[in-house]
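For the record, the sequence lines run as chains H and S.
123 is the number that the UniProt record's numbering gives to position 123 of the first sequence; each next residue is one higher, with no gaps.
125 is the number that the UniProt record's numbering gives to position 125 of the second sequence; each next residue is one higher, with no gaps.
It is worth saying that the hints were derived from the structure and are not from the lab.
Mixed in with the good hints there might be a few duds.
[Stated by the list, open to error] Partial pick of chain H residues on the chain S-facing surface, computed with a CB cut under 7 Å:
1. Tyr62
2. Arg64
3. Gly121
4. Tyr167
5. Ala176
A virtual CB, placed ideally from N, CA and C, is assigned to each residue, including glycine.
Number of protein chains: 2
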Amino acid sequence: MPATTSPTRTDSRPDSRPGGRSARVRAAVHQAVKDLLTDEASDLLTIPVIAARAGVHATTVYRRWGSVSELLADVATSRFSGDLVVPDTGSLRGDLERYAADLAKDLSDPDTLALVRAIVGTGGEGASICRGERQRQLEAILEREQARGSRTPTIERAIDALLAPLYYRAVFTDQAPTPEWARTLVSHLLPD
Amino acid sequence: MPATTSPTRTDSRPDSRPGGRSARVRAAVHQAVKDLLTDEASDLLTIPVIAARAGVHATTVYRRWGSVSELLADVATSRFSGDLVVPDTGSLRGDLERYAADLAKDLSDPDTLALVRAIVGTGGEGASICRGERQRQLEAILEREQARGSRTPTIERAIDALLAPLYYRAVFTDQAPTPEWARTLVSHLLPD
Chain H
1 MPATTSPTRT
11 DSRPDSRPGG
21 RSARVRAAVH
31 QAVKDLLTDE
41 ASDLLTIPVI
51 AARAGVHATT
61 VYRRWGSVSE
71 LLADVATSRF
81 SGDLVVPDTG
91 SLRGDLERYA
101 ADLAKDLSDP
111 DTLALVRAIV
121 GTGGEGASIC
131 RGERQRQLEA
141 ILEREQARGS
151 RTPTIERAID
161 ALLAPLYYRA
171 VFTDQAPTPE
181 WARTLVSHLL
191 PD
Chain S
1 MPATTSPTRT
11 DSRPDSRPGG
21 RSARVRAAVH
31 QAVKDLLTDE
41 ASDLLTIPVI
51 AARAGVHATT
61 VYRRWGSVSE
71 LLADVATSRF
81 SGDLVVPDTG
91 SLRGDLERYA
101 ADLAKDLSDP
111 DTLALVRAIV
121 GTGGEGASIC
131 RGERQRQLEA
141 ILEREQARGS
151 RTPTIERAID
161 ALLAPLYYRA
171 VFTDQAPTPE
181 WARTLVSHLL
191 PD
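Based on the provided sequences and hints, a complete structural model is requested.
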């Protein structure tokens, strides 16, 4: 077995090879996308430009990901999956306040915001990946409260009242989504 | 004076010529952007591709708009400015319901949605242009109600409760923002 220094996630595309070189190419290409998103005008986010930055052949990138849209979806999967912890403060209000403040902080990070904007721009499945983990986290908070025997807002209502304004402010405006403002969203969703 | 068949809006860039050819180039380039946004993968939205589709030299497009981001902002200005009428149904609730249903219908149009997504993706000033007119319309509804002597939600609150979920659902999910759902947003903003 060759030693791997990169994540051991296996690629589901049939022409990829496991471990070693394949993982190194993936890491280099992902890093190139992140660098380009923050360093350069997004006009330049094309496969030849990404490949040059990563030091790999453009045909390698085309063969493995097919398009910028699919590549961004893969970067989003790495970025937004698996590292989210569901807050557990003991109350629904506390959990939602922690959740909203955490998401506000995350969306204030320029690298995250650049990736989210680029993903929306390509119109592929990446958008559902970058919101999906956050939506599942919100569902988990509501379901735990329901299991305690309490009534909660529906998930649709919680998305409209929390997730939507957080993403809207981050993506469409120049205002940073502050943790304080995020907590006022909770107070509107859960009036006293 | 040469006859013009295109809008007479004058371009503020110092190297543009008024009327005639300049207006025809602008119309052709705008149309090329709209065609490419709906016909092709957005990977291809580069200035050389746009110029070829419009039948003009790429240098003409670079000289006039500078980047895809600025060009999309100009297309957004044409698309989202000036044609919005502020609803006047006689009540704040009626006005907001009409407003939300109109915006839901607009964002369900695939051409509009493709333009909004592409604009978000370029990260330029286009995003404030495409939301700006809608925000001013909302402000006008609230201010008219205040002039009648009534209390209203703040503009920030109305943005969080109406504008944000409408744009979020359109841009981040596969669900169409229906007029019926849009009216339920108003019922949460203005409880009985």
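Supplied contact hint for H:Gly121, tested at 7 Å Cβ to chain S | With a closest approach of 1 Å, the H:Gly121 hint holds.
When the nearest CB of chain S is found for H:Tyr62, is that gap smaller than 7 Å?
-> 11 Å, violated
Does H:Tyr167 pass the interface hint, meaning its C-beta sits closer than 7 Å to a C-beta of chain S?
-> 5 Å, holds
Is the interface hint for H:Ala176 satisfied, with its Cβ closer than 7 Å to some Cβ of chain S?
-> 14 Å, violated
Chain S contact restraint for H:Arg64 - C-beta distance below 7 Å = 15 Å, violated
Hint compliance for this structure: hints 1, 2 and 5 are broken, all remaining hints hold.
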